[in-house]
Each structure stands twice: as C-alpha cells, then as structure tokens.
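Novice: Residue numbers (this note's numbering), protein chains in the order written: chain G, 15 to 117; chain X, 435 to 949.
There's no promise every hint is true.
Below, a sample of chain G positions facing chain X; criterion: calculated Cβ distance under 7 angstroms [what the hints assert, rightly or not]:
{"hint": "1", "residue": "T20"}
{"hint": "2", "residue": "V24"}
{"hint": "3", "residue": "S38"}
{"hint": "4", "residue": "D42"}
{"hint": "5", "residue": "V79"}
{"hint": "6", "residue": "R80"}
{"hint": "7", "residue": "L103"}
{"hint": "8", "residue": "E106"}
{"hint": "9", "residue": "T108"}
{"hint": "10", "residue": "V113"}
Quick look at which bits of chain X chain G covers, simulated, 3 or more residues with Cβ under 8 angstroms [claimed, not checked]:
{"hint": "11", "segment": "771-783"}
{"hint": "12", "segment": "917-928"}
Not close to chain X: a few residues of chain G, all C-beta gaps over 10 angstroms, as computed [unchecked claim]:
{"hint": "13", "residue": "D23"}
{"hint": "14", "residue": "L25"}
{"hint": "15", "residue": "R27"}
{"hint": "16", "residue": "D29"}
{"hint": "17", "residue": "D32"}
{"hint": "18", "residue": "R40"}
{"hint": "19", "residue": "A43"}
{"hint": "20", "residue": "E54"}
{"hint": "21", "residue": "R59"}
{"hint": "22", "residue": "T61"}
{"hint": "23", "residue": "D63"}
{"hint": "24", "residue": "G66"}
{"hint": "25", "residue": "D71"}
{"hint": "26", "residue": "G89"}
{"hint": "27", "residue": "D99"}
Hints listed in this document are in silico derivations from the structure and should not be mistaken for laboratory results.
All of these numbers come straight from a predicted model, not from anything done at the bench.
For each residue, glycine too, the CB sits at the ideal point set by N, CA and C.
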Amino acid sequence: MTRPPTTLDVLVRRDADDLHLSLSGRLDAHQVPGFLAAAEPLAARTTLDLGGVTFMDSSGLAALVRLVRTARAAGQDLGIVNVQDGVRLAMEITGLYAVLPIR
Amino acid sequence: MDVTAPDPFTELLDQVVDLSDQLVFLQRLIPQALALTDEAQATGLVQQAAALINTPGAALNVRGEWLGDTPGWLRGVQPPGHAAVLPAGAVHTGAPFIGAWRLTAVLAVPLEQGWLALWGKLDFLAGERELINTLAQLLDAALRAMHGRREAERYAIQERDRRQARAVWRAVTPEALRTPPGYHLHLHSQPASDFGGDFQFQEAEWIVAGDVSGKGLPAAIITAMFASAFTVAARSASLNSTLGEALHDHLERSGAFCTLAAMQVRPDGQLRVLNIGHPPVLLRRADGRLEEVRASAPPLGTFPLLHVDVERMWLHPGDALLVYSDGLFEAEDTAGVPFGLERTRQLASQVAPTAFIRQAVAGLRGFEVGDDLTLLVLQRDPAARGVQRRLPGDLQALVALSEALREAVPPDHPALMPAELAITELFVNAVRHGGAREVTLRAHTSGTDILVTLTDDGAPFDPRSAVTREGGELREHGYGLLIAQRCAREWHYARKAQFNRQTLRLRAPDLSVLT
Numbered sequence: 015m016t017r018p019p020t021t022l023d024v025l026v027r028r029d030a031d032d033l034h035l036s037l038s039g040r041l042d043a044h045q046v047p048g049f050l051a052a053a054e055p056l057a058a059r060t061t062l063d064l065g066g067v068t069f070m071d072s073s074g075l076a077a078l079v080r081l082v083r084t085a086r087a088a089g090q091d092l093g094i095v096n097v098q099d100g101v102r103l104a105m106e107i108t109g110l111y112a113v114l115p116i117r
Numbered sequence: 435m436d437v438t439a440p441d442p443f444t445e446l447l448d449q450v451v452d453l454s455d456q457l458v459f460l461q462r463l464i465p466q467a468l469a470l471t472d473e474a475q476a477t478g479l480v481q482q483a484a485a486l487i488n489t490p491g492a493a494l495n496v497r498g499e500w501l502g503d504t505p506g507w508l509r510g511v512q513p514p515g516h517a518a519v520l521p522a523g524a525v526h527t528g529a530p531f532i533g534a535w536r537l538t539a540v541l542a543v544p545l546e547q548g549w550l551a552l553w554g555k556l557d558f559l560a561g562e563r564e565l566i567n568t569l570a571q572l573l574d575a576a577l578r579a580m581h582g583r584r585e586a587e588r589y590a591i592q593e594r595d596r597r598q599a600r601a602v603w604r605a606v607t608p609e610a611l612r613t614p615p616g617y618h619l620h621l622h623s624q625p626a627s628d629f630g631g632d633f634q635f636q637e638a639e640w641i642v643a644g645d646v647s648g649k650g651l652p653a654a655i656i657t658a659m660f661a662s663a664f665t666v667a668a669r670s671a672s673l674n675s676t677l678g679e680a681l682h683d684h685l686e687r688s689g690a691f692c693t694l695a696a697m698q699v700r701p702d703g704q705l706r707v708l709n710i711g712h713p714p715v716l717l718r719r720a721d722g723r724l725e726e727v728r729a730s731a732p733p734l735g736t737f738p739l740l741h742v743d744v745e746r747m748w749l750h751p752g753d754a755l756l757v758y759s760d761g762l763f764e765a766e767d768t769a770g771v772p773f774g775l776e777r778t779r780q781l782a783s784q785v786a787p788t789a790f791i792r793q794a795v796a797g798l799r800g801f802e803v804g805d806d807l808t809l810l811v812l813q814r815d816p817a818a819r820g821v822q823r824r825l826p827g828d829l830q831a832l833v834a835l836s837e838a839l840r841e842a843v844p845p846d847h848p849a850l851m852p853a854e855l856a857i858t859e860l861f862v863n864a865v866r867h868g869g870a871r872e873v874t875l876r877a878h879t880s881g882t883d884i885l886v887t888l889t890d891d892g893a894p895f896d897p898r899s900a901v902t903r904e905g906g907e908l909r910e911h912g913y914g915l916l917i918a919q920r921c922a923r924e925w926h927y928a929r930k931a932q933f934n935r936q937t938l939r940l941r942a943p944d945l946s947v948l949t
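Here chain G stands alone, though its shape is the one from the complex (with noise of 0.2 angstroms):
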C-alpha cells in the first residue's frame, strides 16, 4: 500500500508568456499560502497541470478560483488540465466543475 502524499510540490516552468505549473501532493489549506506564493504572477497564458494531485480541499479550490479571477481580470488565458478523480469529486460537489475553465 502507497502512502499517500503528505506535502504538495509545485514544479514551475516560467518563460516569457508562458507560465507551467506542474502540481503534485495534497492542496489543502495548510499548502495554500505557498501553492500562491510559487503561482503569482500569473502569466499571459499559464496552465495548471493537476495530474499529480491526490487531494484538494475548499481552500485548495479557492485559490483556484482566485487564480482564474486575477488572469479574467487582467486578460490573461489560464486553463486547467488532467485533473484527478478525487480533485473532480471536490470541483463536482462544489458545482465548480462546470465553471472552471478545464480543459
């Protein structure tokens, strides 16, 4: 039995418009202040590579939210990709699913 992930790590690849974040490990509101410290600024187009997440609390898709909101603000393209069955259960529960812009 695999332990599940304790931390979560955030591998950025920033270049000039473009912004990859690579995410793995649990987005809980413990992780939060420092998801968003590794994230902003965003970018012109910046993508959230969800694939390694296991689990993501209100806090977690919170900052989502604030993420998309900032980049809806200031024009900029965000998308999110290959989000997991547990993170979809919280975008599902939450009625987020549908309004986050997945791709």
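Given the structure of chain G, go ahead and fit chain X onto it with the hints provided.
Specialist: Same frame as chain G, but now just chain X:
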C-alpha cells in the same frame, strides 16, 4: 324439723351439684376456647359462665371495645387492675335491667388485653369468682391463639403477594439481557428487596433501564405496564408522544413516577439515546473522555411529556455507554457522605468499561446502598477496526488527520475521499473560526458509510447553521461546509461541556442530483 332451714346434707349436695356443673362447664369450655375463631364466640362463653353462676349480666371488653350488648353504666367503669368484686351499691348501675331496680355487685376480672364484667347478684361466692378467674385465663389463652392464627394468615397472604409480585417483576425485568451483536453488555441488578423500583428490559433494538417510584407489587405492576407501553411506543413513529400518552395518566393517577434511560442500539454502532428524568447517562470514549446525556424531560408522571431529545451518537470501537441508577451515587458512607456523581464520573473515566461494574461494587464497600443498584455497560467491541486520534488545532495536522482516517478505512472504500474532504473542511473550520486548540477524530466504517465523530474545544458553534451558499459560483469562500453537507448522509451537532461534537454519517455523494 324446720323445713325452711336447709339441712346440711342438702346444702352439701347442692354445692356438689354446683361444683359438678362447673366442672362440666370447664370441661366443655376448654375445647371451645381453643377453637375460638372470633370475639363473638368469646362473648358467648362468658354468657354461658354467667348463666352457670346464676347471674343475668355479663360483658366482655377486648382491646377497649365492648363486645355484644353492654349497658351504658358499664361503659363508664374503669378496667380493673386485678380481679375484684365491686360490692353492691359501689357502682351506680342506673336504670333497672329486669323489671325492678335493685342493688348489684359487679365482678370485674382483667384480661391481658381487656376485661370482663359480671353483675346482677348481691354478691359473688368464692367458688364463682374462682370459676370466672379460670374462665379469664382460658379466654386469654384462646384470644392469644386466635390473634396468632390471624397474624399467621395475614403473613401467609403477604408472602403469597410477595412471591407473585416477584414473579411479575422478574418476568418484565430480567436479570440478564441479550447482548447485541458487535457489542459487549454487562448488567448488575441488585434490588434493595425482593423486587425493587429499578427495572431494565429489552424491546427489539431498544435497551431500557429505569426507576419506578415505590416498591413491591404496585411498582411491579407499573413496570409491567411500562414495559408493554414501551413496546408499543418503540414501534411507533412518534416515540415521545406515544410514551407520554400511554403512561402519563396512569402514573399520575397512581401517584407514581418513573425515570428512564432508553437506547436504541444498531449493529453498526449507531445509538439513539433518550433520558427522561434519569441520572446522566455517560458515554465513555475509548480514551476515557466522558460525554453526558442528561435528562431532557422530567420523570414520567410528574408533568406531561411534551418533548424529549433523542440524541444520536456513534459508539466507535472501544466506546461504551454507562447507565446507572441513583442507588450508586446516593449510597452513603458511615459519616453520611454520599458516593456522589463526581466519584461516579471519575470511576467511569478511569477504569476500563469491562471493569466498571466490578470496580463500582468494590468502591461501594463501606457505603450503605439504601436503594436498588443497577449498573449497565454497553461497549462496542474494542477489537473492531476503527480509529481515535487527538490532534493539535493546527493546519499542519491535516496530513495526520488524513492518515488517521485511513487507519479506520480501507483505501478502496467508496466513501474515503468524500469523508476526507468533509473532515478536512470541518477541521479547518474548527481551527480557523472556532479557535480550537485540539480536535479529536473517531471513525469506523459501516458498509458503504463511514461513521465519524469529530470533537473540538473551540467556541460553541453549530456549523450546520452556516451552510447557506450554493455551489457553482466563482467565489473564493464558502465551499467548505457545503462540501461537508453534501458528503454527509447524516450530520448532528451537540455542545458537550466544553466541546463541540459533530456526528456524521459520510457517504459518496450522488453527483447526478447536484447542479
């Protein structure tokens, strides 16, 4: 020869005849006296004796009561201290009794519990007085025997009533209860007499323990009545009102009242507990922490039963429910100091549930238990899979919370992810908004459900009341409790002393019904 003067021989002969009559009388008297069944027969014997000594008046007084016809003047005469003849003229006998008024002596002879009086002659001869003294002694013995026989009969009737009452009692309040599967059940039932006011019985999934005021047959009857009313009430949708209607009027009319603690025990650890006027029921968690279910209504029979809280809780593996009667904490030591509720709580918290009864009984040594003593322990099998984890009120502990949940829940359980989501939200909420310094998670699974109890020491707050927002909007707050609500099949809140307690049944949400 002077015919008016009786010759000595005739006189002697008369005396012998009289003596013979008296002997015959005494001979008949003895068996009659021994067979005496009521006071009227005793009066008859006294009157026969009076006839034998040729005096028309006789009366018998037993325990201050005159038996049969008694002239008014006799009622004013004081009972004698010893056998005596009150000479003619010494007693005013009032109106004439037969034809003309004439003086009469009164022969008064005391009994153990009364006296007898004979009158109607100028004097009583020595032989006559002897006879009446002998009669008095016989009457004493006869009345005593009669009284003894009556006592024995009354005792036999009481004995029979008592045996019947005990049979009724044991039929409704058995000495042993069935152990529900998945639990351990221990009962100590120690009535103060053959049958007490305490009772306990089972009806389907319900275990009921209570205390009826009063003792003996009336209490046994009320308990039997109660057990049958409860049987009906337990099957009805509105347990409270059915119970109240079925019992209140009976109890009020009979001037009795009744307290009870009832618990519905489900195989998965779910308990519904209600307390009507009974001492606080203690929920002892596996770690020794206590939560109380206090009475939410006064005893039945005192006021109409308007409302009773039915408290929902989970017994996680090792948790136990302790029910006890006032016989425990009202027991007093030689100085009159009661065992007390505080000592009861300490004992409950400090000793393992399996040892509670033994330790309580041992702790009562040196105390006088004046009342029935009933101790009941229901423990959820401590060997079953579950978890109990006390965590610091710090978001760093979210990982430990997740790991603790996984100790109770297999990784492929369908409710694992929803449960983790829900308890994470509630944990964060308790820490951030309630200022909780400590949060305790208790959990076990039941089929596709996960039963969770979350306890925190934060400010009193019922989070269910805060779920107002809808999902599907792009906002940055207010998703947490919505998640908890949508993952919770059941969600109960109670403030228990300085703790918020949330009792949740978590299940994978049906996403097709969500917008």
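Novice: State for each hint whether it applies.
Specialist: Structure-based check of each hint:
1. T20: 4 angstroms, holds
2. V24: 17 angstroms, violated
3. S38: 15 angstroms, violated
4. D42: With a minimum Cβ separation of about 5 angstroms from chain X (threshold 7 angstroms), the hint on D42(G) holds.
5. V79: 5 angstroms, holds
6. R80: This interface hint holds because 5 angstroms falls under the 7 angstroms limit.
7. L103: OK, holds: L103(G) within 7 angstroms of chain X, min 6 angstroms.
8. E106: Because about 5 angstroms separates E106(G) from the closest Cβ in chain X, which is inside the 7 angstroms limit, the hint holds.
9. T108: This hint holds: T108(G) lies near chain X, its Cβ roughly 4 angstroms from the closest one there, short of 7 angstroms.
10. V113: 6 angstroms, holds
11. 771-783: violated (count 0)
12. 917-928: The restraint on the segment 917-928 of chain X holds, since 3 of its residues have a Cβ under 8 angstroms from chain G and three suffice.
13. D23: Answer for D23(G): holds, closest chain X Cβ roughly 14 angstroms.
14. L25: The assertion about L25(G) holds, with a minimum of 20 angstroms to chain X.
15. R27: 26 angstroms, holds
16. D29: 28 angstroms, holds
17. D32: Holds, because the least Cβ-Cβ distance between D32(G) and chain X comes to about 23 angstroms, which exceeds 10 angstroms.
18. R40: 7 angstroms, violated
19. A43: 5 angstroms, violated
20. E54: E54(G) is indeed farther than 10 angstroms from all Cβ atoms of chain X, at 14 angstroms.
21. R59: 20 angstroms, holds
22. T61: 19 angstroms, holds
23. D63: 20 angstroms, holds
24. G66: 16 angstroms, holds
25. D71: At roughly 5 angstroms from the nearest Cβ of chain X, D71(G) sits no farther out than 10 angstroms, so the non-interface label is violated.
26. G89: Its Cβ never comes within 10 angstroms of chain X, the nearest being 16 angstroms, so this holds.
27. D99: 8 angstroms, violated
Hints 2, 3, 11, 18, 19, 25 and 27, counting from the list given before, are not met by this structure.
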